[in-house]
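K.L.:
The sequence shown begins at 1 in UniProt numbering and counts up one residue at a time.
Hints are computed from structural coordinates only; laboratory data are not their basis.
A hint or two may mislead.
[What the hints assert, rightly or not] Here are the simulated EDC-like pairs of lysine to aspartate or glutamate, each with C-alpha atoms no more than 20 Å apart in a straight line:
id, residue 1, residue 2
1, K59, E26
2, K59, E31
3, K34, E68
4, K41, E61
5, K71, E61
6, K71, D58
7, K71, E48
8, K71, E55
9, K41, E55
10, K19, E55
11, K10, E62
12, K10, D38
13, K59, D47
14, K41, E26
15, K19, D38
16, K19, E69
17, K10, E48
18, K71, E26
19, K54, E31
20, K10, D58
21, K54, D25
22, K34, E9
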Amino acid sequence: MSATTLQLEKLTCPSCMQKITTTIDEMNGVERTKILFDASKARVYFDEAIVSPKEIMDKIEEIGYAAEEIK
Numbered sequence: 001m002s003a004t005t006l007q008l009e010k011l012t013c014p015s016c017m018q019k020i021t022t023t024i025d026e027m028n029g030v031e032r033t034k035i036l037f038d039a040s041k042a043r044v045y046f047d048e049a050i051v052s053p054k055e056i057m058d059k060i061e062e063i064g065y066a067a068e069e070i071k
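Build the full structure now, drawing on both the sequences and the hints.
P.N.:
So this is what it looks like as structure tokens:
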């Protein structure tokens with residue numbers, strides 16, 4: 001199991017947070033997601049043999065939110 005932290009665009013409401021969490025958690029290979037609302041960050045736990053951080057960020061962008069991996 002791998003983990004990555006993503007910087008999201010500023011989250012303005014709890015429904016934004018829920019939409020991102022639900023979308024990521026439904027991805028094949030994602031174990032769980034924890035979003036820090038005030039910091040607009042997501043910690044994603046995933047199986048790197050199935051999904052990559054880039055694919056996770058692309059999925060977030062598909063639903064209208066910017067995301068960047070924090071190294």
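K.L.:
Each of the hints needs a verdict: does it hold here or not?
P.N.:
Hint-by-hint comparison with the structure:
{"no.": "1", "hint": "K59 x E26", "result": "holds, 11 Å"}
{"no.": "2", "hint": "K59 x E31", "result": "holds, 15 Å"}
{"no.": "3", "hint": "K34 x E68", "result": "holds, 16 Å"}
{"no.": "4", "hint": "K41 x E61", "result": "holds, 14 Å"}
{"no.": "5", "hint": "K71 x E61", "result": "holds, 19 Å"}
{"no.": "6", "hint": "K71 x D58", "result": "holds, 17 Å"}
{"no.": "7", "hint": "K71 x E48", "result": "holds, 16 Å"}
{"no.": "8", "hint": "K71 x E55", "result": "holds, 16 Å"}
{"no.": "9", "hint": "K41 x E55", "result": "holds, 17 Å"}
{"no.": "10", "hint": "K19 x E55", "result": "holds, 17 Å"}
{"no.": "11", "hint": "K10 x E62", "result": "holds, 16 Å"}
{"no.": "12", "hint": "K10 x D38", "result": "holds, 8 Å"}
{"no.": "13", "hint": "K59 x D47", "result": "holds, 16 Å"}
{"no.": "14", "hint": "K41 x E26", "result": "holds, 18 Å"}
{"no.": "15", "hint": "K19 x D38", "result": "holds, 16 Å"}
{"no.": "16", "hint": "K19 x E69", "result": "holds, 19 Å"}
{"no.": "17", "hint": "K10 x E48", "result": "violated, 27 Å"}
{"no.": "18", "hint": "K71 x E26", "result": "violated, 24 Å"}
{"no.": "19", "hint": "K54 x E31", "result": "holds, 16 Å"}
{"no.": "20", "hint": "K10 x D58", "result": "holds, 17 Å"}
{"no.": "21", "hint": "K54 x D25", "result": "holds, 15 Å"}
{"no.": "22", "hint": "K34 x E9", "result": "holds, 15 Å"}
Going down the numbered hints, you'll see the structure goes against 17, 18, while the others check out.
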